[in-house]
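Chains A and B, in that order, give the protein sequences. Reading the first sequence from the start, the letters are residues 1 to 761 in our numbering. Reading the second sequence from the start, the letters are residues 1001 to 1761 in our numbering.
Honestly, I wouldn't trust all of these hints.
[Unchecked claim] Covered, in the sense of this in silico footprint (three residues per stretch, anywhere, with C-beta under 8 Å from a C-beta of chain A), are these stretches of chain B:
| id | stretch |
| --- | --- |
| 1 | 1054 to 1067 |
| 2 | 1071 to 1080 |
| 3 | 1413 to 1419 |
| 4 | 1464 to 1477 |
| 5 | 1482 to 1491 |
| 6 | 1561 to 1567 |
FYI, nobody ran anything at the bench for these hints, they're computed from the structure. Beta carbons: idealized from backbone N, C-alpha and C, even for Gly.
Number of protein chains: 2
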Amino acid sequence: MSEKWIYKIDDLKMDNEALLVNETIFHNANGYIGVRSNFEEGYPEGYDTIRGSYINGFYDITEMKQAEKLFGMAEEKETMLNVADGQTICVYLDGKKFSMFDGEVLSSSRWLDMQNGYTARKVLWKAPNGKEVDIEIRRMASFSHLQVFVIDYQVTPVNFSGEVIIESEHQGNVRNYCNPNDPRVAGESFQHLIPDHGVVENGASYLITNTVSSGLQVCTGVKNTISAGETETGEIVLEGHHAVQKFIIQAKQGEAVRFVKYMVFADSIRYQDAQTSAKDEMEAVSSVPLEQLYKEQREYLDKFWESSALEIDGDDALCAAVRYNAYQLIQSVGKDPYCDIAAKGLSGEGYEGHYFWDTEMYMQPFFTLTNPEVSKNLVEYRYSTLDKARENARILGHKKGAAYPWRTIRGRECSGYFPSGSAQYHISGDIAYSTVAYYLATGDLDFMAEKGAEIIFETARMWVDLGCWHKGTFQIHEVTGPDEYTCLVSNNYYTNLNAQYNLHWAVRLYKLLKEAGKLEPVAERIGLQESEIEEFEKAEKAMYLPYDEKLGINPQDDSFLNKAVWDFENTPKEDYPLLLHYHPMHIYRYQVCKQADTVLAHFIFEDAQDMETIRKSFAYYDKITTHDSSLSTCIYSIVASKLGLADKAYEYFGDSAKLDLFNTHQNTKDGIHTANMGGNYMAIVYGFGGFRLKESGAWFAPALPKQWDAYRFKLIYLGRHIQVVVNKEGTTFTLESGEPVQIHVYGEECLLENSLHFPLK
Amino acid sequence: MSEKWIYKIDDLKMDNEALLVNETIFHNANGYIGVRSNFEEGYPEGYDTIRGSYINGFYDITEMKQAEKLFGMAEEKETMLNVADGQTICVYLDGKKFSMFDGEVLSSSRWLDMQNGYTARKVLWKAPNGKEVDIEIRRMASFSHLQVFVIDYQVTPVNFSGEVIIESEHQGNVRNYCNPNDPRVAGESFQHLIPDHGVVENGASYLITNTVSSGLQVCTGVKNTISAGETETGEIVLEGHHAVQKFIIQAKQGEAVRFVKYMVFADSIRYQDAQTSAKDEMEAVSSVPLEQLYKEQREYLDKFWESSALEIDGDDALCAAVRYNAYQLIQSVGKDPYCDIAAKGLSGEGYEGHYFWDTEMYMQPFFTLTNPEVSKNLVEYRYSTLDKARENARILGHKKGAAYPWRTIRGRECSGYFPSGSAQYHISGDIAYSTVAYYLATGDLDFMAEKGAEIIFETARMWVDLGCWHKGTFQIHEVTGPDEYTCLVSNNYYTNLNAQYNLHWAVRLYKLLKEAGKLEPVAERIGLQESEIEEFEKAEKAMYLPYDEKLGINPQDDSFLNKAVWDFENTPKEDYPLLLHYHPMHIYRYQVCKQADTVLAHFIFEDAQDMETIRKSFAYYDKITTHDSSLSTCIYSIVASKLGLADKAYEYFGDSAKLDLFNTHQNTKDGIHTANMGGNYMAIVYGFGGFRLKESGAWFAPALPKQWDAYRFKLIYLGRHIQVVVNKEGTTFTLESGEPVQIHVYGEECLLENSLHFPLK
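Use the sequences and the hints to build the structure in full.
Shown next, in the form of structure tokens:
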């Protein structure tokens, strides 16, 4: 084991909370499938466990009843499904089942190997009858075979030779997890999957299951293989939607019994014939040695780390946490245009597998800078749901344009509470923003012509329909900014800037595409008129941006500063997060922010204000922000970095890095906080590294946290691979591949040919 | 029949819509029970009908699932129940059932007799076999015996003598009506009542039924009596929760068979033993001649009309409509402290039998001026739910005081959508306002000391907790005013004035009670401090009231005038009411009012602005108000009267008078618009009569609509019965009883001793 790639826990805790959190922390995913790390052998009665296997973008349509019917309210939503369980493997010694809760666990550990791409559990177990076995289990969601999940299960008798029985199950009768008391996960468990049929073929079981309402099908296949001396292999017994196979092994002391369980997933969104696809993939993967899969996994990750390596010298634990975050991002991100990145990745059922603005503003930047092809795919996904966004705009009352849904899987609005759902119009601007970011990072104008520009034109159309003219300014009323503790406001500063940027780029792309002779197809496709471009430009130029003369800050919205400041002094610790303890209307009535809002604008659209305003704004909002959202501290860290507030920047950075590994929000059991992980990356590259991607180019302004000796990151800018090393001597930029390129360092433009060195400022 | 008391329809239409509307229009109620006027004999397959009998304040608790869980959202609501059906009476001639949809209806009519207090249907029917019968049915909900509903059914053979069979049913298996497509009625039909047991005793059937969740019980009793020559009276056959009794009569040509069906209701809210109460009442009522009940009904109504007569000369149809409205008010208003006035009275299931602010601001004024005891009872009802209002305030985040729920039966918040529900804080001020109005009309300081002041102190406490200080003014953020087309705003003009009035009266009553030596009990009960009174006064004096210098009007709220005006020109007629065709957020984004809001303030709190501001405001809001609510045109009529805009006042008055009788909102089938009926009364007395009830006394400024020859109304002011007659010669005030009293006429104070005459101004 190479320590720097390993996140490891020894002496596993068997309490409920730790078990649930570790199910999330050690889940295996590859962007297509995700399997929580449940114990193969199960849990005793009375233990909670969320036993789940998910497919990104595979959903059922479920009822979302509104307490009061109102026009245009979503009454159905898409929900990611727990599709089947193939995790169960039970080992019996003389009829006694191996269990972490029985006999004696002599030693135990779990780890994630981020270089080789698997998780593992190792247990030395003494059965009640005194027999000891060494069990080591590796689990992998393959990056080279996206449909494949493998459990590599080795049992070694330590102090005996004799019979070992292994039973492996394949269960198609599964449901989603529910928790009626937490607003952040689904409150009810319906049956979303109806067994269609099961077959046993070529030593594998296949269960074919249909969704209740979305008309989709999924086939899961399980194949058990064993390498041991004397083994009696039982038939696969298929009963109903459940298959089981039993192996009776005459095991020898000190010799490992290696049991490999392949599980294959195929859904009808991607595969015309899910059953055939599952069978083909099962044949393909089980006919090569498992070592081959391991090798491919390593190769995939070597490439991934090569382009996205981010290292910190001087704080190994933090370095591992940062690497863990990057690893979760590549585990979570969809690899085809049928899906995106869910708020919890594929690690749990929190937020029902929905995609939010988090993708564009917190996770996509990582991919845009390190894996532009993945970033492009994320834009493709949004493009594939553009028609739904147009429909959504009509529902919201707009005569033209597209308004992306606040939370969705296939493109319909799945938010049941519009004041902090559909009202967050900024998501459309966020999607436009990250589409532009992809273009700025790659210069890929062809893709803009083909797909990107259409998103930007259609969202721009929505903005001009949404806004209104008042006293010569263009204003936007009745929207909610990123901060969900203040809803349905006029002229949210972030939203107005976000709309302005969207409009600006609609105008800009129109010109760029026209100059390049690439405008016609898209303009024709959506009937875009020159007069609309003029309208965009007019609104852009006249966009109203609230500014308070007296405080010298940007108010979050028109009414924000008139409200009373929340009584933080008399709010007990246990009342956080506020949303779980106060009526939303009560929260809305005060100056209190759940998360970065104006401060996010000061990062994303920093050129809209001078440094002094940003400084004052930051100080103002810093006092009234609870960071009850996981999307907040990373942004505060970045802006603190920009302002040279090194200690504050580092403190906020630390908060965001630790979130899941330390379960600081107490809901990691429902899944990882993918956005926070992307934000954590940004806090280093944009925060400490001072990186910005602008129309004017790539900008750097690195600083070195005093806690570190050095840090390194890489990025791909206009096809050039650039390495940035920041240490106590200064910053070194190295052009690893590609033609020389202009970059800006500490505000000055310079040509990066081979390498450049700058002392720290 | 005395025509001026009759509302009559001849040649009944048998289409679905007309049938449903007439079920409402001709319903019988007495404030305790309400029975829709369904045809006793039923309807053929395929016809809609809402067959319902209701008890005011009798409810079950039903689930109100929130699409997204948020802290403090109501997840259960109270729903008025359809309790049992005792309407069914079927008449058979040679096995052929009398039906309006079979044989031949030679003539038909229905009417409501508002002097005698019953509804009637008269049909001359020719059976398919040629036999003709004359059927006349009278139905009455007794005002003297609130638990009793009677059907007085007379059948007269016209061209034959022979067998007539009458079958009468008592059905306990009933459900509430549902319409999944209309947000204004319940969307689902659950079983809310579980049969407990049934008994037959002393010639009557009794069905005892329990609610599913609220722990309540209701007993309904039915007793059939017949007066005819030769009759074979069948046994009451009780099967399950259904009883039926059959009568075989040898009827003679030209001789009426008179069948009387008594139905008695008793619920466990009012009666400790519902069954015993029902039996006792049945014995009492069926042991006296029916004529006695008719006589008592007439006496009750004579007294009612004596104190509340409102007559118009020169427009008989309008006069009948106005009288119809007053009649519905006395039918709807609760007569005990367990209930209030539902938005639809007891005529249907619209709004689930909930009580809103409509009571205080639209209906109670009628009772305050004409039947102060009824008005007092309405205050008692609110007082009885004050503890619930305190609980509600805590849920909403207030450390002290009481916040009344937006819609309720027993006091819990039953609104599922808080932006146009709980956010309408003004309901607390409205309750305080009408409590004060009761005091101003009666001078009943003892009742204030006992109950009224506690309401006013507790709501005042809520206001100071709700509001905040900003730049030396007291402001109120994140509330919704009466206009539901603009929600969650800062400084709604109406709400701020309403809070100010509430605070003012808390201070005033504190002093009045202190002076009268009546303060101590209430102050002690609620721990009221002198310092709080100072705080009330401070907030009252500093209340911020938005005013726009440029337009010279009061903006509805801080952001209202910054929004674009709704595009009325391009809104097709079929898009009204807007709430059924546009997303609420879209509506909120525009200057468009569902109903009087600032204009309501200009009526209720007229002294807050000069006439010029009110004139400009009225003109401004008049252009942007859709009157999609039934609470609107009456207010516009009143303010138009105040401004001397006679034509406009009359036009708006006409709109409000016609609402239910002409079904102008197309939802009369779900019940009458009780608030509109009260509003219609106000449009005459407060509008044309220019009446105001203020701390400074009673003010009149009568005008005579040019369409009328004269109008007359009565009111009770400080115990004096005053008649006001306005005709072309002027206005005559007559003191019908009581000591001389000071009144203000056209702004001048004068002493009303016997009578006073003023020419019109």
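Hint by hint, here is what the structure shows:
{"no.": "1", "hint": "1054 to 1067", "verdict": "holds (count 4)"}
{"no.": "2", "hint": "1071 to 1080", "verdict": "holds (count 5)"}
{"no.": "3", "hint": "1413 to 1419", "verdict": "holds (count 5)"}
{"no.": "4", "hint": "1464 to 1477", "verdict": "holds (count 6)"}
{"no.": "5", "hint": "1482 to 1491", "verdict": "holds (count 3)"}
{"no.": "6", "hint": "1561 to 1567", "verdict": "holds (count 3)"}
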